[in-house]
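Trainee: Now for the letters of each chain:
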Amino acid sequence: MSKIELNDVSVSYITGDFSTVGLKDVVIQKIKRQYKPKEFTAVKNVSFSLEEGELLGIVGSNGAGKSTLLKVISGIMRPTTGTMAVKGNIASLLELGTGFDGDLTVRENTFLRGAMLGYTREFMNRTYDSIIEFAELREFEDRLFSHLSSGMKSRLAFSIACLVHPEILILDEVLSVGDGAFRKKSEAKMLEIIGGGATTLLVSHSLDQIRRMATKVLWLDKGQQIAFGETKEICDRYAEFLNGK
Amino acid sequence: MVNVIKEQVMKIKKHQFLFEELVKRDFKKKYKRTALGMLWSLVSPLMQLLVMSVVFTNFFGRNVPHYTIYLFAGNLTFSFFRDSTYGGMNSLMQNSNIITKINLPKYMFLLSKNVASLINFGLTLLIFFVFALFDGIHFSINFITLIYPIACLIVFNIGCGLILSALFVLFKDIQYLYDIFTMMLMYLSAIFYYTGDYPEHIQKLFYLNPVYVYITYFRDVVIYGYIPGWKTHLLCLLYAAIALLAGALIYKKYNYKFMYYM
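Read top to bottom, the protein sequences are chains D and B.
For the first sequence, our numbering assigns the number 1 to the initial residue and increments by one for each residue that follows.
For the second sequence, our numbering assigns the number 1001 to the initial residue and increments by one for each residue that follows.
The reader is advised that the hints may include incorrect statements.
[To be verified] Looking from chain D toward chain B, a few residues come up when the C-beta cut is under 10 angstroms (computed):
1) S12
2) I14
3) K71
4) G75
5) E95
6) G97
7) T98
8) E108
9) G114
10) A115
11) E122
12) M124
13) R126
14) Y128
15) L207
Derived from the structure by calculation, the hints contain no laboratory data.
Quick reminder that beta carbons are idealized off the backbone N, C-alpha and C, glycines included.
Between the sequences and the hints, there should be enough to build the whole structure, so can you do that?
Mentor: Next comes the structure, spelled out in structure tokens:
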């Protein structure tokens, strides 16, 4: 049974209505009978399905609609047209830094962010120490989050996020963070989660990574689905396309 | 209807931990790095009260018994309404970076803001009772009924917050419009004057203002020592229900459209 199934999914953004061009222009356009809010279709007619335990690599240049597609699957946005079925609980790590607040301490932020990822208080009490250990931030527990260096911030973010235990894992370029040693450590951790049997969607600009890990690949370009299928075949075609540019 | 409420309660339970953390965050942020911290929530209404009673007691206070308490009741209620709805209005946009990245019920951000305002209100209410004691107000068992207008006002604030936050996402002009609106509403809420001086049919018009109704309930119980009639009760409930229903419908309809404007 497929875990994720998308049928002809399109997503449009509304641009050019009163919120962007201002009320005055809308009224003028209405009087001139030229008013129509423009739609920008970020994802067009995407269809694919994934079985349990598969890893889908999503490739495409900037603005191809990769992030929008992940938002739809995460349930943050709804398809404008088309249907979608997603079975199982989702952990969506679109941006690891989401929800941190510079005015709170590292400790407070850890709990806040944990709560946003759907952990329970009991779980956080139990794992708090190991999160701080993993992030190597023991001396900074009671510092303000805004006082951390950006490397430390991403280490903390990763350490909290990597405790997810989902059936469906959504990753937007966050396989590993930090410098040398931590990079290795974090990638190993992420591979451990993926290896745990979660059905995974991974957006990555590293074709090597996709070749190594993905069981299926989806190629998007300007919102259009160019191809979906076996890793080797699509990666070869995509590499050719990149070379041709 | 019952099922819908049940579902929502389940959802809130599921996110209870997050909700508590959000309340903590909003409350801490409000007074971050201030020397007086939470005391500010008491200083500001008290200063307002001081100025108002100095300025207005000579004009309006002659015919009104316990004029300071009369003022305080008005100020207390109106400030709660204003704080709560302002917080509510900003709640979606302030958390837009979270809402666009994580799938969470959006009203949680609004509710946590409302809890922060409610705590403020609770503190001011305590001071209000201390003032009432010193002003020789007779404390009676009737005071228990104040729970009713407070509960209605909380719901009313949440409803208004829902409406305002949705409007604020769609057009940012709302913040300036709402400034003007609350200023006008403040003058129409009979905070420092006495409506009994107006002709009867004008007095009735005041009841079109929900905040005035809640203020009146407070004054009737605390100053005049009686519980208002069923009409006032009904009106309290009606305004709260309308606001909440309108807010909930707007959220239901635009839940996924907010994203486009954030």
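Trainee: Against this structure, judge whether each hint is valid.
Mentor: Hints and how they fare:
1. Restraint check, S12/D versus chain B: the minimum CB separation of about 9 angstroms is within 10 angstroms; hint holds.
2. Because the beta carbon of I14/D sits about 5 angstroms from the nearest beta carbon in chain B, less than 10 angstroms, this interface hint is met.
3. Using the Cβ-Cβ criterion of 10 angstroms, the hint placing K71/D at the interface with chain B is satisfied: the shortest such distance is roughly 8 angstroms.
4. With a cut of 10 angstroms, the hint placing G75/D at the interface with chain B holds, because the nearest CB-to-CB distance is about 4 angstroms.
5. For E95/D, the interface hint holds, the least distance from its beta-carbon to any beta-carbon of chain B being 5 angstroms, beneath 10 angstroms.
6. Of the supplied interface hints, the one on G97/D holds, with its beta-carbon coming within about 9 angstroms of a beta-carbon of chain B, less than 10 angstroms.
7. Annotation: interface hint on T98/D holds; nearest CB of chain B at approximately 4 angstroms, less than 10 angstroms.
8. With its C-beta approaching chain B no nearer than about 7 angstroms, E108/D sits inside the 10 angstroms limit, and its interface hint holds.
9. Evaluation of the G114/D hint against chain B yields a held restraint, the C-beta minimum of about 8 angstroms falling below 10 angstroms.
10. For A115/D, the interface hint holds, the least distance from its beta-carbon to any beta-carbon of chain B being 4 angstroms, beneath 10 angstroms.
11. Against a cut-off of 10 angstroms between C-beta atoms, the interface hint on E122/D holds, since the closest Cβ of chain B lies about 9 angstroms away.
12. Hint status for M124/D relative to chain B: holds, with the closest Cβ pair at about 8 angstroms, below 10 angstroms.
13. Annotation: R126/D was flagged as interfacial toward chain B, and the flag is violated, the nearest CB pair being 13 angstroms apart, outside 10 angstroms.
14. Interface hint at Y128/D: violated, since its Cβ lies 13 angstroms from the closest Cβ of chain B, which is beyond the 10 angstroms cut-off.
15. Among the interface hints, the one on L207/D is violated; its C-beta lies about 26 angstroms from the nearest C-beta in chain B, farther than the 10 angstroms criterion.
Hint compliance for this structure: hints 13, 14, 15 are not met, and every other hint is.
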